[in-house]
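If you read the protein sequences in the order shown, they are chains A and B. For what it's worth, full-length UniProt numbering labels the leading residue of the first sequence as 1, then goes sequentially. For what it's worth, full-length UniProt numbering labels the leading residue of the second sequence as 1, then goes sequentially.
Watch out, some of these pointers could steer you wrong.
Pairs involving identical chains hold if they fit within one copy or between any two copies, as the list cannot separate such chains.
[Claimed, not checked] Calculated lysine-lysine pairs in the DSBU-like style (CA-CA distance at most 35 Å, straight line): (1) K228 / K161; (2) K189 / K161; (3) K189 / K228.
Since the hints were made in silico from the structure, they are not lab data.
Protein chains: 2
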Amino acid sequence: MTGIDHTHDVALRSWVPEADGHPDFPIQNLPLGMFSVEDGAPRAGVAIGEHILDLPALLVAGLLAGEAARAAEAATGTALNQLLELGAGPRRALRARLSDLLRAGTPERDRVAQLLHGAASCTLHLPATIGDYTDFYVGIHHAENIGRQFRPDNPLLPNYKHVPIGYHGRASSIRPSGVPVRRPRGQAKASDAAAPTFGPSTRLDYELELGVWIGPGNDLGEPIPTGKAPAHVAGFCLLNDWSARDVQAWEYQPLGPFLSKNFASTISPWIITPEALSPFRIAQPPRPEGDPRPLPYLLDEADQAGGAFDLQLDVLLVTPSLREAGLAPHRISASNTRHMYWTVAQMVAHHTCGGCNLRPGDLLGTGTISGPDRDACGSLVEATLGGREPLRLASGEERRFLEDGDEVILRARGVRDGFASIGFGECRAVVLGAVA
Amino acid sequence: MTGIDHTHDVALRSWVPEADGHPDFPIQNLPLGMFSVEDGAPRAGVAIGEHILDLPALLVAGLLAGEAARAAEAATGTALNQLLELGAGPRRALRARLSDLLRAGTPERDRVAQLLHGAASCTLHLPATIGDYTDFYVGIHHAENIGRQFRPDNPLLPNYKHVPIGYHGRASSIRPSGVPVRRPRGQAKASDAAAPTFGPSTRLDYELELGVWIGPGNDLGEPIPTGKAPAHVAGFCLLNDWSARDVQAWEYQPLGPFLSKNFASTISPWIITPEALSPFRIAQPPRPEGDPRPLPYLLDEADQAGGAFDLQLDVLLVTPSLREAGLAPHRISASNTRHMYWTVAQMVAHHTCGGCNLRPGDLLGTGTISGPDRDACGSLVEATLGGREPLRLASGEERRFLEDGDEVILRARGVRDGFASIGFGECRAVVLGAVA
């Protein structure tokens with residue numbers, strides 16, 4: 001390792017076919033995940049172009065040493081939790097070595113090439129065992145859009161600009177991209193009905209979120225200060241927090257969403273590291289005039305200066321008709337992570353300020369990230385104003401909420417002049433009809 | 001095994017000293033847990049009187065066969081999840097064999113006696129790795145008491161009598177009885193203050209709950225009907241869902257409690273099996289006149305006839321002055337599990353009705369179980385009417401909320417004519433002051 005990090009150089013080229021200019025996984029990304037080939041057990045891998053590099057095999061081949069080998073040794077199990085737990089040092093050493101092994105001109109090309117698998121023939125798994133999953137609510141436009149449907153004159157609740165609002169979600173039902181989602185059945189009550197009924201949700205929705213993988217944890221009773229929070233973050237993913245709005249409206253008082261959210265959550269399976277995202281860090285956008293200053297435990301100078309992200313977010317929809325007609329996915333919305341009112345470090349610090357312990361492999365969601373405009377909504381309930389104004393698709397179809405057979409695709413992408421663009425890979429799932 | 005279950009016989013005696021008439025662990029109970037001796041690794045055990053029987057050692061000694069051996073084999077790891085997953089068959093076989101080995105007059109006495117440890121010299125651990133923890137709200141008097149503080153004329157929200165309200169809690173911060181609980185710091189806002197402040201909670205409270213251990217799980221997308229729910233329940237414990245009321249009041253809108261609950265939960269470490277509790281099953285108490293009939297997915301004849309429990313619940317408080325004066329713990333309240341508006345089977349069926357998957361070792365809490373009277377409140381915020389009317393203790397002290405050094409003890413006990421009484425063991429923890 002040298003003291004200078006060349007892993008982001010826009011001029012860096014890879015010998016792996018299709019890696020250069022790959023929309024998601026050029027050599028500047030190098031995300032970590034768990035994959036399997038045919039009936040084999042899940043093993044750790046690194047995405048590069050349309051290939052996956054077998055990490056344990058790289059270790060066995062003797063191509064890693066020192067901290068990079070330590071990182072790979074921690075990735076020889078059936079999940080990446082131990083690697084996440086190691087923190088930034090080994091992770092960065094691994095990245096530096098991987099970058100060196102995969103760059104054009106490396107002398108190790110032939111040895112490494114034998115350890116690549118075509119991604120198309122691999123199955124991707126959850127990258128880590130998720131102990132606890134927490135979902136936040138830091139997308140302020142989402143909070144306003146939702147709040148406006150209930151309280152037109154006062155959409156944000158009084159706590160919103162003081163508290164990074166969050167709640168606990170369900171870990172057991174999180175699945176990687178590609179696993180279909182079954183429409184849930186549940187209780188709902190129409191506003192004009194005397195009593196609730198039980199049946200398939202008629203207001204099924206997606207939510208566009210950024211996921212945050214926790215690396216090193218904290219002990220119970222020992223909060224993580226905002227300034228130290230980045231050391232506890234191991235990476236990022238896309239998260240679709242599927243929501244049954246009719247179930248949610250009836251069940252959520254007074255303890256919050258439950259069955260309306262726990263039937264499925266979909267994540268993109270690659271862990272995009274903080275190192276890969278460093279070119280896309282930005283200062284926290286200034287709070288609007290008149291907004292309260294965050295309490296001291298949420299304030300850190302470095303976090304204010306560079307704790308936010310500029311990542312383009314897209315939601316695309318493929319309906320059965322679009323699919324049959326061979327038409328492209330319809331882009332429903334385009335948003336950006338800069339619309340987060342609180343940073344990831346503030347989420348971590350708030351989560352632990354009362355002593356709650358995070359563990360390696362825990363997953364945090366940001367909550368839905370909507371932009372200020374109608375075409376930047378991170379959910380259908382926002383984009384259609386609660387189903388009142390349907391979206392019109394290129395196929396001529398309308399959507400108020402999701403229909404059976406619809407497939408939702410989330411994408412995230414960092415784009416910055418002078419740097420190679422990288423993406424998160426897709427987070428997609430098709431909606432299946434409810435069980436009869 | 002014979003076809004007749006003698007494990008409940010009130011006349012059954014054990015050769016283990018102090019087991020007969022033990023308030024918690026006579027031979028009719030036989031709860032399962034994880035214990036360690038000195039610096040040893042946690043191992044599976046069975047509580048009998050003031051002793052713990054080493055389950056893996058029993059297996060190694062060749063004292064188990066067939067399904068009972070299969071159960072013990074599943075309990076040779078560092079947590080009981082695999083045993084819980086096996087379900088009722090092996091668990092019942094193990095109970096029958098344990099009962100036979102521990103009864104007075106057994107020919108195996110000498111061999112088994114060598115495998116007993118004095119409980120006082122053992123450390124108890126969480127019995128299972130908790131994947132997800134869900135807390136319900138089925139104590140209707142609690143819901144009314146809390147609701148009345150916000151809405152005197154209409155304490156219950158419209159969904160309460162239709163929906164077994166629940167929400168996801170934090171699994172990482174659940175600790176076994178005896179581990180101290182640190183007072184959390186957090187945001188709170190006085191009703192007359194313009195802005196929130198951050199500091200130690202001044203309204204720290206306990207919550208008296210029954211915990212439910214999930215045994216065999218269900219696949220994602222495959223609901224568990226109410227009638228089949230008992231097969232998925234592996235046992236019960238006490239649960240203290242510590243709560244910071246000031247933090248809760250400020251944070252809980254619109255997504256529910258978060259930091260106000262996730263700093264600690266305490267459980268009694270022994271899994272009380274459904275078999276041990278079978279004498280204390282009762283019919284679900286009739287719903288008050290005018291209450292809606294539950295929707296069909298929550299109704300099962302057998303569950304209505306015997307899905308509730310008659311278990312005495314107690315909350316005791318030890319203040320530093322009581323402790324110094326050598327006075328007995330002060331009983332704050334006496335409640336009963338018959339005050340649950342929904343049964344455990346209804347909780348399980350509701351949790352999974354939208355497809356959410358439960359996994360072996362998941363923990364469900366009932367929510368606070370209060371009785372209808374002031375001396376049957378399962379939390380201080382109820383007993384003191386939100387802190388307005390302090391409790392007076394035998395020491396002459398008053399309590400509105402918990403103070404540093406206070407120890408809260410929860411107890412549960414089944415008592416029925418013609419049957420041996422059994423208890424859950426204690427669920428206790430002392431409150432430590434907040435970190436400076």
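So, going through the hints one by one against the coordinates:
Taking identical chains as interchangeable, the C-alpha atoms of K228 and K161 lie at most 35 Å apart only when both belong to the same chain, with a minimum of 22 Å there against 46 Å between chains. Proximity of K189 and K161 under a CA criterion of 35 Å is satisfied in both settings, with 31 Å inside one chain copy and 13 Å between copies. Proximity of K189 to K228 under the C-alpha cut-off of 35 Å is restricted to the inter-copy arrangement: shortest distance 26 Å between copies versus 45 Å within a copy.
The structure fails none of the hints (numbered hints given earlier).
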